[in-house]
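These protein sequence lines are chains A and B, in that order. The first sequence begins at 1 in the working numbering and counts up by one. The second sequence begins at 626 in the working numbering and counts up by one.
Calculated directly from the structure, the hints in this document are not laboratory data. Backbone N, C-alpha and C fix where the C-beta goes; we use that ideal spot for every residue, glycine too. Errors might be hidden in some of the hints.
[To be verified] Going by beta-carbon spacing under 10 Å, a handful of chain B positions derived as facing chain A:
# : residue
1 : L640
2 : E641
3 : A699
[As the list claims (entries may be wrong)] On the chain A side, residues computed to face chain B include the following (Cβ under 10 Å):
# : residue
4 : A205
5 : E208
6 : P217
7 : R306
[What the hints assert, rightly or not] Stretch by stretch, here's where chain B covers chain A in the computed footprint (C-beta under 8 Å, at least three residues):
# : segment
8 : 490 to 501
9 : 512 to 525
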Amino acid sequence: MSAEVALTVALVGRPNAGKSTLFNALTGGTVKVGNFPGITVEAVTGQTTLEDGRALRVVDLPGVYSLVGAGDPDSDEGHALRSLDALKGSPHVLAQVVDATQLAPALRLTKELLARGQPLLLIVTQHDLLVTQGSTLDVPGLSEALGVQVVAVSAKEPGLRVKLLHAIADVARLGPSAAVRTFDDAALAARVVRHDGGLKDRLRARTERLDAVLLHPLLGPLVFLGLMTVLFASVFFVAEPVSAAIDAGTRFLAQHLEATLGPGRLTSLLVDGVLGGAGTVLIFLPQIVVLTVVLELIEASGYLARCTFLVDRLLRFVGLGGRSFVPLLTAHACAVPAIQATRIIREPGQRLRTILVLPLMTCSARIPTYGLLIAAFFGARSAWFKSAAFVALYVGGILAAFGASLVLGSRVKRAGASKPLVLELPHYRRPQARVMARLAWRTASRFVKDVGSVIVVASVVLWTLLNVPSPGGGDVVVPEGSSEKVVAMHRSLAASVGRALEPLTQPAGFDWRINVGLIGSFGARELMVGTLGVIFGIEGEDAEAPLAERLRETKTASGAPAYGVPTALSLMVFFIIACQCMSTLAAVRRETRSWRWTGFVVAYTYGLAYGLAVLVFQLGSRLLA
Amino acid sequence: MSVPMTSSAATLDVLEVGRAAQVKALALDAVEADWLRAVGLVEGVAVTVLRRAAFGGPLHLRLSTGLELAVDRALAARVEVSP
Ligand SMILES: Nc1nc2c(ncn2[C@@H]2O[C@H](COP(=O)(O)OP(=O)(O)OP(=O)(O)O)[C@@H](O)[C@H]2O)c(=O)[nH]1
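So that you can see chain B by itself, here it is in the shape it has in the complex (with noise of 0.2 Å):
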């Protein structure tokens, strides 16, 4: 399931609620992490999660730009973030 990663960094899903940090890394496909890109998920941005969905459903997260979006969280697995 996941990408091996360097153990420093932390990941968007286990992000605390309400603590901003910023996107340094997608662990995932060409295709994917730029379809993510062109929606506003890019690296530097930064990223607060404001809540999770109950069951392991999705993250909802709001960008620096305003932006608010829901992310599936196998996939916020694999973006790396920095506090």
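In isolation and in its complexed conformation, chain A is listed as follows (with noise of 0.2 Å):
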């Protein structure tokens, strides 16, 4: 598939202009396309082939407006700047991507890239959107005056890929333009489009119609709240139904399972370690992707630029701001990606708070703990009980990020002047159902291979430890009247090293097991279900019980429930803040270039998050004694 590369095209051009859907059409790759100035946050590549076979790779930069003054070499505008220096010396075309109906504020970012001296093809798109606005634009006209290749597409044409293959190569062949015109971009934009009159420009008609609601100064606040509310209720009321039957289908294999292996180590490996770990967190995949497509469903529609408008004002209090929002708002999927989206941040002190504090947000690999926990200890309440309970799980964890940015706020600062928001509201509009079905679709593949892989090893090593006697063990308490294979499990190395860790834990609630889970999740929090369920797996007598029914039903040597509602919510008050996931912190090492603000992450989520699970628990445990 990597054939030599014979030409790169790169894509430049202001956030939101279509870059991402003509590589997409290019490549036929498929990098997310949003409706948020400024969503590629880093230099996606691909690979196609020109019409005469040689291979062309495609190169989408971040949207930018200017590459001047790009100072900071954080910021989209160094990562640009930074590529297409890279390209000279090979052979390369910068493609301007221009949005047809934004002409005249483009033509000063093609003035800086004539002034580069590359070779330069303007590509204005959404031309679709020009014509249902009653205007033509001269593209003659415009290549004339400009001294460069111009072609004008949109993204639904037929032959789109070829048009463009045919002026990237056109342009390769020139080379750049000879001499470098000048030109005023307002009178140039105002003389080569000719503005018919007559027809009213549909799409922003409707994008005033929303803002009138959604922008609302009462209702807009309000539509926001409410719609937030109901994408993290939607996490658990649109998933259950799915995710039981998922849970169902791996019990009924388990007890298949069971039934024809008959009783012994093989079985115990397949049932309590492949099914115990991986199977319980494969009922979390529903509840994930809901989120995910929601989440996209916010940013392609254009309502996400509006929320920053909503809450730039409440951000900036607790020393964040406008454009933390973005970041903030993804991390509910997954920080890793949030953490890059922080570049769209223009003060450095304001980005550096941001990316801090995005690992508190609950992202999805959370769910899967909440969900049990809930399902464990408050199964019994209405499904309003527990949908609301996920609600505050998710308040908890933004109550939290704002509670440490205002902490941190004078604290954390980084040369820069101080940036207000400028931000560009583009207009809405109605997002692709094959892109979101297409996310809906890698979404899933990718947990359930995540599942299939990482959860798998860890479940059948952890179900080994679970077996390996530690020495000195032999003493250990065992409820009375367990299985032998119980017995074996309190008796185990991972179960030592769980005890050895209680004198410290137990202030919180935390028993061995629990230790063990977290010690399990320490580098990847999605494995706290699966180890659990691997333990509990052991433990439980009964396949068919699901693991939250064991959880809620485990005794302690004595013969007393070990968990009770005290230590549900220690654990959960934990799991919001402590930041049990390696690629974030690699995230964080990556976009701060600093191992002293990646280890101040660690130190300051688990020193909170344990002195939290403790006040938790001691109120809890004498409040609802």
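Assembling the complex is the task here: the two chains are given apart, and the hints tell you how they should meet.
Here is the structure:
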């Protein structure tokens, strides 16, 4: 597939111009297409074949308004500038992607690109929108005035790919334009775009109607809060029936395996290890898909940009800003891309604070643990109660982040002037069903692959450690009447490690089993439920009982229930705050270029998580006793 | 907070909602002013305030080029306009 690259084309342009859409058209790739200015935060590379059979590399750069004044190397401008410099020395074409309805402001960037002396092609895209506005573009006139090849396209036109490849190959052959022409952007734009009037701008009319409600001083914030609540509650509601079906499926499989293989080591490995671990995680697949798709809908529709408008003031108050909202919301799916998305924040201090508090947002890897704890300890409550508990956990993460940011506020500073909010508000668009479906599919398959590899391996390793006897574990007291395999587990290596930590964790209500789970999920919190699944899978005598039930019915050596509501609450608080995620730490390190800040994230999240877990457990045990 | 300005000039933050005005000058440091121009808020462009966010939040602007922007109020106070 990766034949010798003969030519590289770099797509440059203002945020939201339509670069990613063209990238996908060229490469058949699946770059996320967003309707938020600046969503491509990293150069994405793909490959395709030119008409003469040579390989063409396509680079989609982050959106930029201008390349001059790209002082901050960590900003999108800095990244784009470096990518453009790197192209020099090998055959390449810069393709500036211009939104046809925004020609005048784009011509400023054209001037900067022309001054670089690299071969330039102007791709005027979203031409269909210009037409619906009743305007026409004088393509030859524009090309003549700029001294550059111009091609006008729209994303859905047939033959788009070939048309683009033609234009790219042409520019590559001709090289950079000889003479740099001078022109006045506003005057030139006014000359080449003829507005025939008559037709009214439907996109703008729809935007005005929606904004009248969604940005209304009173209704706007109410709708925003309502939507966020529905979003988090839907994670619970929509996904529950599907989760229940998957759960029933894995339990049926467990029963079937036990029946056909009979009792024994292999059966225990398969049923308790693999199914107990991976199977219990699989039931959270629907939740994670629903969440990812809804977050994507918010962005693709153009509502995300409105959210920044609504919450800028509030976020400023806690030391963040409107632009922080994008990573903060993205972090509800996963903190890793969110940390990268902080590049759209123009103020270095604000960006750093955002990175430091992002790990507190409720990412989808926490959902399984929350789901399990709610099912186990509030299982008898109504669905409304359970979904409210879910929303409360999300709100808990958000409040923790705000609190942390307030505390960090004056202390965490970086050189750089304060940069007040300036953000483009794009028109609302209808998200494309095909793009959403593809995203759902990708999320699901990545999750299944994860479960199929990492979580299965981790579960099997844990199952083994729970079966290797610990030296000197022989005199551990085990509940009366325990089966052989339960006794073995209580006296295992893993159990002895968990038990060694009990003096430290007992004040928070964590016994050795939870400790083993927490150690197992130190690097990746999604392993928590799988780990508990293995432990309680061995412990439970009845393969049919769901994990939540086993958790609730676990007894201490003296026969009392091992866990109650205070334990659940304390564990939830711990999970909200502790940064149990290696990938997040790696991303923090990458984006801050500092081990000190990375270490700081570990220290403050674990310190705070432990302190609050102890507080909650102690208070909970007294108040609920 | 504010830079001394000629008393005759109005600024964007006090512009009446729905009324169009023309951008005259950007009373900002050079880098920030250039960035703002690159976004599209250049001298000479006509601008309308569509709405203001609650509690001193940003302004929602529409430029004559069709571009819509959310702009911080403190920053708007440094954009001089003439009706
Ligand atoms: N009608 C129409 N819409 C388009 C066209 N091309 C892109 N869009 C829409 O414009 C929006 C922005 O497109 P993207 O391809 O994400 O833009 P981008 O330049 O990659 O944006 P950033 O990633 O933010 O830099 C999306 O809502 C697209 O669906 C087009 O030719 N016609």
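Checked hints:
1. L640: violated, 16 Å
2. E641: violated, 16 Å
3. A699: holds, 6 Å
4. A205: Violated - the Cβ of A/A205 stays beyond 10 Å from chain B, reaching only about 13 Å at its closest.
5. E208: holds, 8 Å
6. P217: holds, 5 Å
7. R306: holds, 8 Å
8. 490 to 501: Violated - the segment 490 to 501 of chain A has 0 residues with a Cβ nearer than 8 Å to chain B, which falls short of three.
9. 512 to 525: violated (count 0)
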